[in-house]
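Chemist: What follows is the residue order along each chain.
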Amino acid sequence: ETGVTQTPRHLVMGMTNKKSLKCEQHLGHNAMYWYKQSAKKPLELMFVYSLEERVENNSVPSRFSPECPNSSHLFLHLHTLQPEDSALYLCASSQYGGGDYEQYFGPGTRLTVT
Amino acid sequence: DQQVKQNSPSLSVQEGRISILNCDYTNSMFDYFLWYKKYPAEGPTFLISISSIKDKNEDGRFTVFLNKSAKHLSLHIVPSQPGDSAVYFCAASTGNQFYFGTGTSLTVIP
Chain A
1 ETGVTQTPRH LVMGMTNKKS LKCEQHLGHN AMYWYKQSAK KPLELMFVYS
51 LEERVENNSV PSRFSPECPN SSHLFLHLHT LQPEDSALYL CASSQYGGGD
101 YEQYFGPGTR LTVT
Chain B
1001 DQQVKQNSPS LSVQEGRISI LNCDYTNSMF DYFLWYKKYP AEGPTFLISI
1051 SSIKDKNEDG RFTVFLNKSA KHLSLHIVPS QPGDSAVYFC AASTGNQFYF
1101 GTGTSLTVIP
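Residue numbers (my numbering), protein chains in the order written: chain A, 1 to 114; chain B, 1001 to 1110.
Treat the hints as calculated values from the structure; they're not laboratory data. Among the clues, some could well be false.
No more than 30 Å apart at the CA atoms, straight line, and that leaves these computed lysine-lysine pairs for DSSO-like [as the list claims (entries may be wrong)]:
#1 B:LYS1054 / A:LYS18
#2 A:LYS41 / B:LYS1071
#3 A:LYS41 / B:LYS1054
#4 A:LYS41 / B:LYS1056
#5 B:LYS1068 / A:LYS36
#6 A:LYS40 / A:LYS19
#7 B:LYS1056 / A:LYS19
#8 A:LYS41 / B:LYS1005
#9 A:LYS19 / B:LYS1005
#10 B:LYS1068 / B:LYS1005
#11 B:LYS1005 / B:LYS1056
#12 B:LYS1068 / A:LYS40
#13 B:LYS1054 / B:LYS1071
#14 B:LYS1068 / A:LYS22
#15 B:LYS1068 / B:LYS1056
#16 A:LYS40 / B:LYS1056
The structure presented is a predicted model; accordingly, all values stated were derived computationally and were not measured.
Just chain B, with the same shape it has in the complex (with noise of 0.2 Å):
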């Protein structure tokens, strides 16, 4: 049973677009939730986090969002930049154990 959903496997945007990357979750007792992101050939590399007791937490060109009602988040990158094609992947956890959904690939087009 697969508790963190990535819906879309894959998006492609225009450079300097907004990129915006879903998540979805069903555990109502996660208390943080993590973006990752992961070049090929390369292990995930932590990119933004949020608290369950927040709903926007920013830093630089990545926003996260949080509604806890429809237990959804989601991933806003502007302007979206080349480089920032990779996969992402959205985890939560509760205490130590983390989960994560299958990743989304974007591709932002130049």
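With the rest of the complex left out, here is chain A (with noise of 0.2 Å):
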């Protein structure tokens, strides 16, 4: 595996649901983020990981819960999700303070919440 993968690439959960979403970095990069894209809106950085510290946009609500175990792996643990919170979420990976800003996606996860 190469880049930045995540799994699943579609999913249909309930509102009761909980479900995680997986993402993996095989760059060696030292942070990883979040980001959500719902429909003519930008993409909405939701948290990052940076050098071990976490930093999460504050209007992020809390049925959304990130966990970054090691460099390489992130997750976003779902819970009581609404039908608003349908989106593409995206997992990014770059090389903070390395010089190169450039962060590199993986597929994303298409979240349909009904």
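Could you fit the two chains together into a complex? Lean on the hints.
Modeler: Rendered as structure tokens:
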């Protein structure tokens, strides 16, 4: 595997379910990110894990819970979601502090909440 | 409050001509600007970037221009090719925070 991978690619869940999204990067980067992309809206940065610190967007509801067990893996735990949470969730990684600012994105997980 | 704006949701250009995609930002603390390209069912792919201390960066057919006084950047693609048809996102960063625009869908007509 190369680059940034995300599983599952598609997920349909009910509002009472609990599920997790997984992201793995094979680039040796030290920062990982979760983004939400809704139709006709800009990519919204949800969480950043950089150099083992977590930075979060204060507008993200607590029903989204990130976990970063190591620099290569990132999870987004979902519980009691709402239909408006249906969106494309993108994971990205970068080498923070290395002079390069480029983020490398995974293909995304298309989430539908019913 | 959207800090990075792409006011043109779509753009159509003839093959061989120049494509110009525009982006405006509000935060003068941004120190790095990036352009990403996105095909359907794929994540965004990094295209080109520019530091805030520069006003131009060129990579093959792609050139990014930065006008800090106007808080404006643009991406020029010359010559445009049908394979360039995609959604282009402008992004700006400060530290480890990234802000994206809503994207411009470029269609290059053969």
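Chemist: Are the Cα positions of LYS1005 of chain B and LYS1056 of chain B separated by 30 Å at most?
Modeler: holds, 20 Å
Chemist: Is the hinted pair LYS1068 of chain B and LYS22 of chain A satisfied, with a Cα-Cα distance of at most 30 Å?
Modeler: violated, 38 Å
Chemist: Need the status of pair LYS1054 of chain B, LYS18 of chain A: alpha-carbon distance at most 30 Å?
Modeler: With Cα atoms ~47 Å apart, LYS1054 of chain B and LYS18 of chain A exceed 30 Å; violated.
Chemist: Sort out whether LYS1056 of chain B lies within 30 Å of LYS1068 of chain B, counting only the CA atoms.
Modeler: Holds. LYS1068 of chain B to LYS1056 of chain B sits at ~11 Å (cutoff 30 Å).
Chemist: Decide if the proposed pair is consistent with the structure: LYS1068 of chain B and LYS1005 of chain B, CA atoms, cutoff 30 Å inclusive.
Modeler: holds, 15 Å
Chemist: Does LYS1056 of chain B pair with LYS19 of chain A here, judged by a C-alpha cut-off of 30 Å?
Modeler: violated, 45 Å
Chemist: With a cut-off of 30 Å on the C-alpha distance, tell me whether LYS40 of chain A and LYS19 of chain A pass.
Modeler: holds, 26 Å
Chemist: Has the given pair, LYS41 of chain A with LYS1005 of chain B, been kept, meaning a C-alpha gap of at most 30 Å?
Modeler: Holds: LYS41 of chain A and LYS1005 of chain B sit about 10 Å apart, inside 30 Å.
Chemist: So if I understand the rule, the pair passes when the alpha-carbon distance is 30 Å or less; does LYS19 of chain A with LYS1005 of chain B pass?
Modeler: violated, 33 Å
Chemist: Against the 30 Å threshold, does the CA-CA distance of LYS41 of chain A and LYS1056 of chain B hold or violate the hint?
Modeler: holds, 28 Å
Chemist: Measure nothing beyond the straight line between the CA atoms of LYS41 of chain A and LYS1054 of chain B; if it is 30 Å or shorter, mark the hint as holding.
Modeler: Holds, at about 29 Å.
Chemist: Given the hint that LYS40 of chain A pairs with LYS1056 of chain B, does the C-alpha gap stay at or below 30 Å?
Modeler: The hint holds at about 29 Å.
Of the numbered hints listed earlier, those contradicted by the structure are 1, 7, 9 and 14.
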